[in-house]
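Peer 1: Work the whole structure out from these sequences, hints included.
For the protein sequence lines, the chains are A and B, in the order given.
At position 225 of the first sequence (counting the first as 1) the number is 562 in the working numbering, and the numbers step up by one without a gap.
At position 202 of the second sequence (counting the first as 1) the number is 210 in the working numbering, and the numbers step up by one without a gap.
Check each hint, because a few of them may be wrong.
Not close to chain A: a few residues of chain B, all C-beta gaps over 12 Å, as computed [claimed, not checked]:
no.: 1; residue: 137
no.: 2; residue: 154
no.: 3; residue: 183
no.: 4; residue: 196
no.: 5; residue: 274
Derived contacts from chain A toward chain B, CB cut-off under 10 Å, selection only [claimed, not checked]:
no.: 6; residue: 351
no.: 7; residue: 359
no.: 8; residue: 365
no.: 9; residue: 481
no.: 10; residue: 486
no.: 11; residue: 487
no.: 12; residue: 493
no.: 13; residue: 497
no.: 14; residue: 498
no.: 15; residue: 500
no.: 16; residue: 594
no.: 17; residue: 613
no.: 18; residue: 630
no.: 19; residue: 635
Computed from the model, here is a short list of chain A residues facing chain B with C-beta under 10 Å [as the list claims (entries may be wrong)]:
no.: 20; residue: 380
no.: 21; residue: 479
no.: 22; residue: 646
no.: 23; residue: 649
Source of the hints: derived by calculation from the structure; they are not laboratory data.
Yeah, the Cβ is synthetic: ideal placement off N, Cα and C, and Gly gets one too.
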Amino acid sequence: MARFVLKRLAIAPFLLIGIVTIAFLVSRLIPADPLISIVGERNMGNPEVVAAAKAEWGLDQSLAGQYLSYMTNLAQGDLGTSFRTKSSVSQDLLDRLPATAELTITALVFGALLGILLGVTAAVRRDGLPDHLARLFALTGSSIPVFWLGLIVLSIFYARLGWLPGPGRLPPRTDAPPDVTGLFTVDSLIAGDFGLFWATLERLILPAFVLGWGLTGIVSRLVRAAMLDELFSDYVRTARAKGLTERAVMFRHVLRNALLPVVTILGLSFGSLLTGAVLTETIFSWNGIGSYAVDSTRGLDYPAINGVCILGGIIFLLTSLVTDVLYAVVDPKIRLS
Amino acid sequence: MTVALEPLVAATNTPVEGRFRQALRRPQFVFGLSVLAFWIIVAFTVDFWAPYDPLAAVGDRLLSPNADHFLGTDTLGRDVFTRMLYGARYSLPTAASVIIITVLIGSTLGSIAGFWGGWTDAIIMRICDVVLAFPPILLAMAVAAALGPGLRNTVIALIVVWWPIYARLLRGQTLAIKNRDHIEAAVSVGVPRGRILRRHILPLAGTPVLINATMDFGQVVLLTASLSFLGLGAVPPTPEWGVMIDEGARNFFQWWIALAPGIAILSVVMAFNFLGDSLRDLLDPRGRS
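Peer 2: Encoded structure:
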């Protein structure tokens with residue numbers, strides 16, 4: 338097991354170098370001119386301004402030279418300076434990471450819990466309402482455009498019914514809680530401001546629901562199928578014969594065995610959650626990594642785009658490693674080599 | 009289609025006709041096929057029967073659904089229903105070109121990697137690993153932004169993101185087929201390697217490619233619309249579904265602008281998922297439940 342983890346960790350840097358290289362190549366071997374986004378359309382006719390900007394941002398060096406200096410800086414943890422915000426990309430990413438983390442983790446927890454709940458009830462009472470709901474989630478989960486779903490729930494629950502607040506992490510004209518973790522819900526609790534806690538939590542509901550939708554579908558189908566496989570096995574009959582309540586049989590015996598596939602799926606779905614986050618953050622004006630990526634690509638801000646790609650790659654590598662290890666921990670039958 | 013069907017015959021014992029009849033008994037398959045057929049017919053014939061011009065202002069701005077405008081009008085007074093119908097002309101061909109080209113590139117590289125082995129294999133597969141380590145949407149966004157807006161560039165961006173999936177698939181297939189007896193026989197009578205690959209390996213690897221391509225088609229439609237929605241794909245005033253949803257997002261109190269294009273995307277992607285599922289159940293004995 339330790340050897341497996343070490344092996345995976347040893348490959349990771351090479352994959353990262355590959356990711357960085359591809360991101361770099363994509364950003365440099367292209368027709369569009371990043372100078373426009375630095376000096377602005379109007380100054381492009383002014384050769385002095387253009388030359389100065391080129392020198393300042395290292396764009397006057399050869400491609401190989403740019404690559405070399407980018408890699409050297411990267412080795413020191415420096416992702417460069419954003420063309421657009423004119424501040425350090427690593428700082429920009431750090432500032433925005435908590436917003437995305439708060440959204441993604443909430444979506445993950447929400448999707449998993451609702452999925453498990455629906456899956457269990459669907460298995461116990463086939464063709465009941467939860468079963469149909471689970472089926473709806475599963476059918477649409479991988480085919481619904483998240484950005485459209487976000488729009489629909491906003492126009493129903495915010496614009497029409499007014500039950501939930503509109504886009505954004507904070508109510509208008511409200512200051513963020515004192516920064517501790519960067520997660521507004523946690524920070525407001527630490528500050529003891531329960532009003533703000535509720536306000537930030539309320540604003541998480543719709544985006545997390547939208548982002549967790551696909552996951553709910555996958556998890557509920559998996560749990561349902563796994564539960565049905567287990568329901569007729571000997572140990573369930575034994576548990577029932579002992580006189581355990583149906584609830585104890587389901588949750589303590591069957592569900593525990595049915596959760597195995599869920600672990601893998603949660604890990605694997607992190608990548609698609611990230612994809613979903615880009616779109617969800619755009620619809621909900623959520624100031625996280627996803628909307629940063631969108632703004633950067635729209636502004637041809639290459640240092641920022643590369644930064645996001647590298648961060649995405651790291652997250653992807655880590656989650657797939659953790660998933661593999663977790664899988665082995667949960668299921669002793671699997672031996673990693 | 010005929011090219012794709014040959015390997016099916018080779019991979020299964022029942023004649024294709026029987027398989028098809030079997031498929032028609034599945035509601036999933038029938039639904040998927042009908043929805044797809046509907047959109048293809050719309051894409052080809054919409055010019056002859058669409059109620060309005062998709063690009064012209066044909067009514068007042070932001071009219072809610074009414075007798076003249078079945079799904080209302082948008083910010084420029086264009087008919088939403090007409091624009092939704094025309095959307096099929098953008099999404100389907102875009103996704104089709106992406107899928108066809110990725111399958112060609114991916115299969116070629118993957119089968120070469122699997123068949124040749126050694127350094128060729130190592131290099132091709134490491135590139136695949138790296139590309140697959142990107143969150144797909146980020147790489148597609150970066151490429152699309154770099155190339156500039158427009159659906160042609162969306163196609164290129166999606167090809168860059170998607171080909172490694174088929175390279176991996178075909179490599180695995182080739183490795184599995186490579187050691188079969190008929191290959192050994194071909195090698196022993198001196199058939200050249202390229203010919204073995206083309207004539208004796210690739211035809212047998214067709215089934216999983218067909219299944220995967222069907223499933224992926226829907227996902228490509230989804231990603232195309234996502235890029236357009238983010239302003240990195242089709243540009244206004246193109247009646248592309250993602251662009252229309254973006255227009256709806258700017259006026260979300262007028263729910264009808266975004267509703268129809270979203271349902272259109274959902275229906276197409278679901279149709280392909282259903283078709284892919286049924287194909288897998290019918291053609292791949294191992295995946296049968």
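Peer 1: Against this structure, judge whether each hint is valid.
Peer 2: Taking the hints in turn, this is what the structure says about them:
1. With 12 Å as the threshold on Cβ separation, the claim that residue 137/B sits away from chain A is violated: the shortest Cβ distance comes to roughly 6 Å.
2. Some Cβ of chain A comes within 12 Å of the Cβ of residue 154/B; the nearest lies about 4 Å off, and the non-interface call is violated.
3. For residue 183/B, the non-interface assignment is confirmed: its Cβ lies about 19 Å from the closest Cβ of chain A, beyond the 12 Å cut-off.
4. Every beta carbon of chain A lies more than 12 Å from that of residue 196/B, the smallest distance being close to 35 Å; the non-interface claim holds.
5. At roughly 6 Å from the closest C-beta of chain A, the C-beta of residue 274/B falls inside 12 Å, breaking its exclusion from the interface.
6. At its closest, the beta carbon of residue 351/A sits 8 Å from a beta carbon of chain B; the interface hint therefore holds under the 10 Å criterion.
7. Interface restraint check for residue 359/A: the shortest CB-CB distance to chain B comes to about 6 Å, inside 10 Å, so the restraint holds.
8. The criterion of a C-beta within 10 Å of any C-beta in chain B is met by residue 365/A, whose closest approach is roughly 9 Å, and the hint holds.
9. Checking residue 481/A against chain B: minimum C-beta separation of about 6 Å stays under 10 Å; hint holds.
10. A least Cβ separation of about 8 Å between residue 486/A and chain B falls short of the 10 Å threshold, and the interface hint therefore holds.
11. Contact between residue 487/A and chain B, as hinted, is supported at the beta carbon level, the nearest pair being about 8 Å apart and thus within 10 Å.
12. Satisfaction of the interface hint for residue 493/A is found here, the shortest Cβ-Cβ separation to chain B being roughly 8 Å, below the 10 Å cut-off.
13. Using the Cβ-Cβ criterion of 10 Å, the hint placing residue 497/A at the interface with chain B is satisfied: the shortest such distance is roughly 8 Å.
14. Taking 10 Å as the C-beta cut-off, the interface hint given for residue 498/A is violated, the closest approach to chain B being about 12 Å.
15. At about 15 Å, the closest approach between the beta carbon of residue 500/A and any beta carbon in chain B exceeds 10 Å, and the interface hint on this residue is violated.
16. Taking 10 Å as the C-beta cut-off, the interface hint given for residue 594/A is violated, the closest approach to chain B being about 19 Å.
17. At about 9 Å, the closest approach between the beta carbon of residue 613/A and any beta carbon in chain B falls short of 10 Å, and the interface hint on this residue holds.
18. With a cut of 10 Å, the hint placing residue 630/A at the interface with chain B holds, because the nearest CB-to-CB distance is about 6 Å.
19. Hint status for residue 635/A relative to chain B: holds, with the closest Cβ pair at about 6 Å, below 10 Å.
20. Taken as an interface hint, residue 380/A does not check out: its beta carbon lies about 21 Å from the nearest beta carbon of chain B, beyond 10 Å.
21. Using the Cβ-Cβ criterion of 10 Å, the hint placing residue 479/A at the interface with chain B is satisfied: the shortest such distance is roughly 6 Å.
22. Look at residue 646/A: its Cβ gets to within about 5 Å of chain B, closer than 10 Å, so that hint holds up.
23. Because the beta carbon of residue 649/A sits about 4 Å from the nearest beta carbon in chain B, less than 10 Å, this interface hint is met.
In this structure, the hints that do not hold are numbers 1, 2, 5, 14, 15, 16 and 20, in rising order.
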